[in-house]
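S.K.: What follows is the residue order along each chain.
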Amino acid sequence: MVEISAIQQAVIEGDDAATVALVREAVDQGISPGDIINSGLQAGLIVVGNKFSSGEFFIPEMLLAARAVSRSLEVLKPLLSDTDSVTVGRVVLGTVAGDIHDIGKNLVGMLLTGAGFEVIDLGTDVPAARFVAAIEEHHPDILGLSALLTTTMPSMEAAVAALADAGLRQQVKVVVGGAPVTPHFAERIGADGYGADGGMAIELCRRLVGKGA
Amino acid sequence: MVTMSPRDRILAAAAKQPVDKLPFGARIDVWYNYHSGHGTLPEKYQGWNMVDILRDQGAGAQVRHLRIWRVEYDNLELVKHEDPPYTTTEWRTPVGTVTQKTVFTPEEGPWIVYEIDHPFKSEKDYPAIEHILENTRLVPDLDEYAEKERIMGEQGIIVTGMDLYSPMQQVMRYWLGYEQYFYELYDHPARVERLYELESALAQRKLEIIGDSPIPMPVICGNWSDEFHTPVFKKYFAPWLKEASDYLHARGKLTQVHIDGEMRRLVPFFPDTGVDVGEAWSPAPLTSITTAELRAAWGDRVTIWGGIPAVLFEPAQYSDAEFDDYVRNLFKEVAPGANFIVGMGDNLPFDGDIERVGRVAELIDRYAKLPIQI
Numbered sequence: 001m002v003e004i005s006a007i008q009q010a011v012i013e014g015d016d017a018a019t020v021a022l023v024r025e026a027v028d029q030g031i032s033p034g035d036i037i038n039s040g041l042q043a044g045l046i047v048v049g050n051k052f053s054s055g056e057f058f059i060p061e062m063l064l065a066a067r068a069v070s071r072s073l074e075v076l077k078p079l080l081s082d083t084d085s086v087t088v089g090r091v092v093l094g095t096v097a098g099d100i101h102d103i104g105k106n107l108v109g110m111l112l113t114g115a116g117f118e119v120i121d122l123g124t125d126v127p128a129a130r131f132v133a134a135i136e137e138h139h140p141d142i143l144g145l146s147a148l149l150t151t152t153m154p155s156m157e158a159a160v161a162a163l164a165d166a167g168l169r170q171q172v173k174v175v176v177g178g179a180p181v182t183p184h185f186a187e188r189i190g191a192d193g194y195g196a197d198g199g200m201a202i203e204l205c206r207r208l209v210g211k212g213a
Numbered sequence: 001m002v003t004m005s006p007r008d009r010i011l012a013a014a015a016k017q018p019v020d021k022l023p024f025g026a027r028i029d030v031w032y033n034y035h036s037g038h039g040t041l042p043e044k045y046q047g048w049n050m051v052d053i054l055r056d057q058g059a060g061a062q063v064r065h066l067r068i069w070r071v072e073y074d075n076l077e078l079v080k081h082e083d084p085p086y087t088t089t090e091w092r093t094p095v096g097t098v099t100q101k102t103v104f105t106p107e108e109g110p111w112i113v114y115e116i117d118h119p120f121k122s123e124k125d126y127p128a129i130e131h132i133l134e135n136t137r138l139v140p141d142l143d144e145y146a147e148k149e150r151i152m153g154e155q156g157i158i159v160t161g162m163d164l165y166s167p168m169q170q171v172m173r174y175w176l177g178y179e180q181y182f183y184e185l186y187d188h189p190a191r192v193e194r195l196y197e198l199e200s201a202l203a204q205r206k207l208e209i210i211g212d213s214p215i216p217m218p219v220i221c222g223n224w225s226d227e228f229h230t231p232v233f234k235k236y237f238a239p240w241l242k243e244a245s246d247y248l249h250a251r252g253k254l255t256q257v258h259i260d261g262e263m264r265r266l267v268p269f270f271p272d273t274g275v276d277v278g279e280a281w282s283p284a285p286l287t288s289i290t291t292a293e294l295r296a297a298w299g300d301r302v303t304i305w306g307g308i309p310a311v312l313f314e315p316a317q318y319s320d321a322e323f324d325d326y327v328r329n330l331f332k333e334v335a336p337g338a339n340f341i342v343g344m345g346d347n348l349p350f351d352g353d354i355e356r357v358g359r360v361a362e363l364i365d366r367y368a369k370l371p372i373q374i
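Protein sequences appear in the order of chains A and B. Residue 1 is where the first sequence starts when you use my numbering, and the numbers rise one by one after that. Residue 1 is where the second sequence starts when you use my numbering, and the numbers rise one by one after that.
If you are wondering where the hints come from, they were derived from the structure by calculation, not from laboratory data. Backbone N, C-alpha and C fix where the C-beta goes; we use that ideal spot for every residue, glycine too. Just to be clear, a hint being listed does not mean it is correct.
[Stated by the list, open to error] Straight-line alpha carbon distances no greater than 20 Å define the calculated EDC-like cross-link-like pairs of lysine to aspartate or glutamate that follow:
#, chain 1, residue 1, chain 2, residue 2
1, B, LYS235, A, GLU61
2, B, LYS101, A, GLU56
3, B, LYS235, A, GLU56
4, B, LYS121, B, GLU193
[Unchecked claim] Residues from chain A that face chain B, not an exhaustive set, calculated with beta carbons under 8 Å:
#, residue
5, SER54
6, ILE59
7, LEU63
8, ARG67
9, GLY98
10, ILE100
11, LEU107
12, VAL132
13, ILE135
14, HIS138
15, LEU149
16, THR151
17, PRO180
18, HIS184
19, TYR194
[Unchecked claim] DEER-style ranges, computed between Cβ atoms:
#, chain 1, residue 1, chain 2, residue 2, range
20, B, ASN329, A, ARG188, 18 to 28 Å
21, B, GLU123, A, ARG188, 39 to 49 Å
22, B, ALA15, A, ILE120, 36 to 46 Å
23, A, GLY210, B, ASN75, 38 to 48 Å
24, A, GLY30, B, PHE104, 54 to 64 Å
25, A, GLY210, B, ASP365, 18 to 28 Å
26, B, GLU362, A, HIS139, 51 to 61 Å
27, B, LYS121, A, LEU168, 47 to 57 Å
28, B, ARG150, A, SER53, 27 to 37 Å
29, B, GLU208, A, PRO78, 40 to 50 Å
30, A, LEU168, B, ALA297, 27 to 37 Å
31, B, LYS121, A, GLU13, 51 to 61 Å
32, B, ASN329, A, ARG71, 42 to 52 Å
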């Protein structure tokens, strides 16, 4: 008999094979996918996030936990009913125009996916017009802008301005991050939030969609 | 005290020797490459090199150089496909082919290529990467370095060394990439360890070449961030940094590492590594630590080089008065001033003000003669 707490523990340990195996077992025992997600997978991720915030865990542990959850969700998604909630929120993500760096963006994308967000990754060197088009097409809760270079930080400001010009600014929260980005800069360009690292980005996004602690 | 050159001051502070005033080793290649590429260098500086610009600003200089050897291979075919600004490299080995795509756009600021992807794509690539590492030869080639030193003269130092990374950082950053590295270290630790062994053997050859070279203060690793690296730093990085520093100290060298990331949980590891200098120090607001905190943690064991975050040089973000206040406060934080080299963390941004580099030099002359009593 699988205990939901065992799934939670496997996520905390980042053991994707064990997590998927336990999830399959739980499904076979008739535990609802919604319960497995909320009480097992998401609960495990919350513990991991808290351990990251307290300094006990680092990005590698978060990556492994996120991978375990992502692989488990692939097992569960076909079994979900309309009433089961799997998505915390929807995020459009991209590295801004002129910048081809993607390590930070990819990590945030993986962590968000593991945390239950639907992530639409537009890739790197994304012009402001593509962000606007993506907002119109996908209606996300959050737009995440990444930049590694000081040379491309103005592209963040341009993207925020383009949203305003298109009349979309009030429809989506904008968060920014990347090595040269500061809270001061985020405030100056009118972003809704700034994440210094992957852990902060997850907390910020959860808070912005009303799921934060 | 005999008048010291900018180079003298940098090397003296690195060696924990007395200096007449705070050394200044400015780095401006992002700004310089961008404006050279766009034809937007200030009129006065059109056609100038970086060293001459920094000399004109009254600042000491640092200029980057990637490596002092050529990389040659046996028993494999190296094929490069050029599609500017992209390059795809194929290593065709008897046990498989791996590829990597890079992009190089110096006109936007970078001085080295950026990896679009990494040679490791899946577990099947281990044999080919092992073969590459087993069949790599490093041939000393110092001509370009010597020319840069000639241009630099006494104005500062050429920063070069381990072509960026120590052995495990090379596995992590170059061959696998961060995400794959941590997944593979969990899934296939023995295979990652094998790559580490092979990179360590190559690293020893690099150290031998550096040890025989005239480089006074080689950079031996860098580009860490504590949220990524702390779990592996104690096991892989710190011991190697100690070995490398011991080896190079025995050959009359100082050592430096590039610390422009978030360092809070990595700071405690450094004093025991024997590393002489942490360069490109990027304090708050770019990271979470102040210079005063780092000084307290490292004491007189590791010289700090840096202290002015890149964003401070941007007039759009910080006024002249805010800039002056920050720099003067930095002098207070490091007073009386031993074992500290002023610099930027880690570069002058493309929209930075080159005149603020000169302003740092003026403020040093006014307030930062040692012992600092500001």
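S.K.: Give a verdict on every hint.
M.R.: Right, here's what the structure says about each hint:
1. Distance hint between LYS235 (chain B) and GLU61 (chain A) is fulfilled; the C-alpha atoms sit about 17 Å from each other, no more than 20 Å.
2. Taking the CA atoms of LYS101 (chain B) and GLU56 (chain A), the gap is near 36 Å; set against the 20 Å cutoff, the hint is violated.
3. Between LYS235 (chain B) and GLU56 (chain A) the alpha-carbon distance is near 17 Å, which keeps this suggested pair within the 20 Å criterion.
4. Between LYS121 (chain B) and GLU193 (chain B) the CA atoms are separated by roughly 17 Å; this keeps the pair inside 20 Å, and the hint holds.
5. The interface hint given for SER54 (chain A) is violated, since its Cβ lies 12 Å from the closest Cβ of chain B, which is over the 8 Å cut-off.
6. Taken as an interface hint, ILE59 (chain A) checks out: its beta carbon lies about 5 Å from the nearest beta carbon of chain B, inside 8 Å.
7. Hint status for LEU63 (chain A): holds, given a least beta-carbon distance of 5 Å to chain B, under 8 Å.
8. Among the interface hints, the one on ARG67 (chain A) holds; its C-beta lies about 7 Å from the nearest C-beta in chain B, closer than the 8 Å criterion.
9. Hint status for GLY98 (chain A): holds, given a least beta-carbon distance of 7 Å to chain B, under 8 Å.
10. For ILE100 (chain A), the shortest C-beta to C-beta distance to chain B is roughly 6 Å, which falls under 8 Å, so the interface hint holds.
11. Because the closest C-beta pair between LEU107 (chain A) and chain B is about 7 Å apart, less than 8 Å, the hint holds.
12. Taking 8 Å as the C-beta contact cut-off toward chain B, the hint placing VAL132 (chain A) at the interface is violated, the least distance being around 24 Å.
13. Look at ILE135 (chain A): its Cβ only gets to about 26 Å from chain B, farther than 8 Å, so that hint breaks.
14. Nearest Cβ of chain B to the Cβ of HIS138 (chain A): about 24 Å, over the 8 Å cut. The hint is violated.
15. Annotation: interface hint on LEU149 (chain A) holds; nearest CB of chain B at approximately 6 Å, less than 8 Å.
16. Look at THR151 (chain A): its Cβ gets to within about 4 Å of chain B, closer than 8 Å, so that hint holds up.
17. For PRO180 (chain A), the suggested interface contact is upheld, since its CB lies about 6 Å from the closest CB of chain B, less than 8 Å.
18. Interface hint at HIS184 (chain A): satisfied, since its Cβ lies 6 Å from the closest Cβ of chain B, which is below the 8 Å cut-off.
19. Because the closest C-beta pair between TYR194 (chain A) and chain B is about 11 Å apart, greater than 8 Å, the hint is violated.
20. For ASN329 (chain B) and ARG188 (chain A), the hinted distance range of 18 to 28 Å is satisfied, since their beta carbons lie about 22 Å from each other.
21. The supplied range of 39 to 49 Å is met by GLU123 (chain B) and ARG188 (chain A), whose beta-carbon atoms lie about 46 Å from each other.
22. Checking the proposed 36 to 46 Å range against ALA15 (chain B) and ILE120 (chain A) shows it is violated: the Cβ atoms sit about 53 Å from each other.
23. In this structure the hint that GLY210 (chain A) and ASN75 (chain B) lie 38 to 48 Å apart at CB is violated, the actual value being about 59 Å.
24. A hinted range of 54 to 64 Å for the beta carbons of GLY30 (chain A) and PHE104 (chain B) is consistent with their spacing of about 57 Å.
25. Range check, GLY210 (chain A) to ASP365 (chain B): about 55 Å between beta-carbon atoms, so the 18 to 28 Å window is missed.
26. The hinted window of 51 to 61 Å between GLU362 (chain B) and HIS139 (chain A) holds, with their beta carbons roughly 53 Å apart.
27. Take LYS121 (chain B) and LEU168 (chain A): their Cβ atoms lie about 37 Å apart, and the range 47 to 57 Å is violated.
28. The given range of 27 to 37 Å is broken by ARG150 (chain B) and SER53 (chain A), whose C-beta atoms sit roughly 52 Å from each other.
29. Between GLU208 (chain B) and PRO78 (chain A) the beta carbon distance is about 58 Å. The supplied range of 40 to 50 Å is therefore violated.
30. Here the CB-CB span from LEU168 (chain A) to ALA297 (chain B) is close to 46 Å, at odds with the stated 27 to 37 Å.
31. Under the hint 51 to 61 Å, the C-beta atoms of LYS121 (chain B) and GLU13 (chain A), about 26 Å apart, miss the expected range.
32. For ASN329 (chain B) and ARG71 (chain A), the Cβ-Cβ distance of about 50 Å falls inside the hinted range of 42 to 52 Å, so the restraint holds.
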